[in-house]
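Student: Under full-length UniProt numbering, think of the first position of the sequence shown as 1, with each following residue one higher.
Hints were generated in silico from the structure; no laboratory data involved. A hint or two may mislead.
[What the hints assert, rightly or not] Simulated restraints, written as ranges between beta carbons of each label pair:
(1) Ser228 - Arg286: 18 to 24 Å
(2) Asp35 - Tyr108: 19 to 25 Å
(3) Ser143 - Arg118: 52 to 58 Å
(4) Pro390 - Val100: 30 to 36 Å
(5) Glu212 - Glu340: 31 to 37 Å
[Said to hold, decoys possible] Straight-line Cα separation of at most 30 Å, DSSO-like style, residue types lysine-lysine; simulated pairs:
(6) Lys244 - Lys298
(7) Lys183 - Lys202
(8) Lys244 - Lys229
(9) Lys234 - Lys244
(10) Lys89 - Lys234
(11) Lys193 - Lys203
(12) Lys89 - Lys203
We put the beta carbon where it would ideally sit given N, CA and C, even for glycine.
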Amino acid sequence: MTSYSASITSNAGSIAAYAKKMSQTGRTDMEITLDDHADGKTYTTFDTLTGQVLITAPHTSRFDSIQITLEGTARTYVDSLSPTAANSKTTAIHRFLKMVMPIQESEYPQPRIAEAGRTYTFPYHFVIPDQLLPRSCSHTCTSDHVSEAHLQLPPSLGERELSGGRSDMAPDMSQIQYAIRVKVVRHRESDGKDVMLVEGQKKIRVVPAVAEAAPLSVNVSEDQFVLSKTKSLKKGMFSGKLGKITVSAAQPGALILPSPSTSDSKLATTMTTVQLRFDPHETSSRPPRLGALGTKIKASTFFAVRPTSSIPTHRNAQSQFEITRGVYDSSVSLSSRCVESVQWTEHKPTSRRGSESSDGSYVSSDFSDSSEHFIPKSNSGYYTASILVPITLPSNKTWVPTFHNCVVSRIYILNLALSIHTPGAGVPASNVSLHIPLQIAAAGNQTHRPSLTAAEAALELAEVNEFFRPRVLEVPSETMVGNSVLAHHATELPPSYEDFSRAPRPIAGAC
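Please build the complete structure, drawing on both the sequences and the hints.
Tutor: Below, the structure is given as structure tokens:
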């Protein structure tokens, strides 16, 4: 079952509700235990959740059912921009996962009356799925790619107490929570409604397995990504041009979070390469001196109170006309190192065979293939250099995979800042910044098969036995042998082609 709701709430109302809840006394004692659980433990795809629910009533009372569910819920809110409602906000709750644990009739007390002081035990068993049901994303999307992304399990977000106190860089406006929930329900005979007598929950941290995706197709008009940038350089404050330098980098491979079940403490690491090209304005100009190369990771959390139909971007989230969604950015510095010793490689123009132009010579294009392609010779050659940039996730933050939910999304951007020093005096250092898409994936436990309960194992064994049950093949009776008749004698040729299917006739006078 999946639900989505949005409402406008007030801070004063939430405080009053909290005070009322704290004033209640004499409530039913409920304990939810989880086998092999420890503080800070992370669960992933196909992990089993087994445990018990212990319920002790303070006084004898009647009830009708016990509901044990594994639920995943996303909560977001956007502050109101109206001057008349400064303390109000629009809140959205999206329940994308709800797995129900069936309880047999024999496990209930007969009659269904909880005796005072007696403890009742109800076991449960869940397996974290690898995908959500289609009904968890029922709104319209711009493409199938968006729908498929919304049907993947999102990781826990905004639960600092479950991640060892480390921040996952999520704002208060977005939260994704997984919990085992228990409700004691009684059917009210006066109006036929179900009344919840008591409820409890046990939160768990879930980081599902996320496979590495293909490199992101970056649109030239996209404002949040810059893969290449060209900058003009001057010799000095009042001197001429030195040339142009182009800094570019390709998307690195994904940073893969290790499986929660592994004992390897190795941090997620990947590598990217920064390509440099310097085109001098004059033949005598030499490449500039490089300074420091700084790297940062920017975590962008998109949140909305209405389902998003496309992959969110900074442009649509920060639009002044957008009041139902927003974005929160947080940056983490990785490293800053001097790259002055990088070696430049000179590429001199090389003449090739071909027809002479007005200037008397031709050179081959740098991007041509083995066939003879020629372009006019330039005034000078160019220089190239490359810088290997290792990327390692720091351990002082809680990292979650890249994901896109109906109301919450998380993406990462690798920021590269290169400082360039010109030889002339009085010219400040130039800075070139790139913003590269960065993906974080998760290994999970994809190869681990979930354990079966005794009932599931018995059912699987019965299906196997049925498959291998001997079958008896009987010989058909004599009345059914040799009596097959083809009911269709029509030609297979298309209509009006019947004449071609007839036998050839001799032509009169032929030899």
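Student: Next step is simple, just say for each hint if it's right about the structure.
Tutor: Hints, verified against the model:
{"no.": "1", "hint": "Ser228 - Arg286: 18 to 24 Å", "result": "holds (23 Å)"}
{"no.": "2", "hint": "Asp35 - Tyr108: 19 to 25 Å", "result": "holds (23 Å)"}
{"no.": "3", "hint": "Ser143 - Arg118: 52 to 58 Å", "result": "holds (56 Å)"}
{"no.": "4", "hint": "Pro390 - Val100: 30 to 36 Å", "result": "violated (47 Å)"}
{"no.": "5", "hint": "Glu212 - Glu340: 31 to 37 Å", "result": "holds (34 Å)"}
{"no.": "6", "hint": "Lys244 - Lys298", "result": "holds (28 Å)"}
{"no.": "7", "hint": "Lys183 - Lys202", "result": "holds (12 Å)"}
{"no.": "8", "hint": "Lys244 - Lys229", "result": "holds (10 Å)"}
{"no.": "9", "hint": "Lys234 - Lys244", "result": "holds (9 Å)"}
{"no.": "10", "hint": "Lys89 - Lys234", "result": "violated (52 Å)"}
{"no.": "11", "hint": "Lys193 - Lys203", "result": "holds (28 Å)"}
{"no.": "12", "hint": "Lys89 - Lys203", "result": "holds (26 Å)"}
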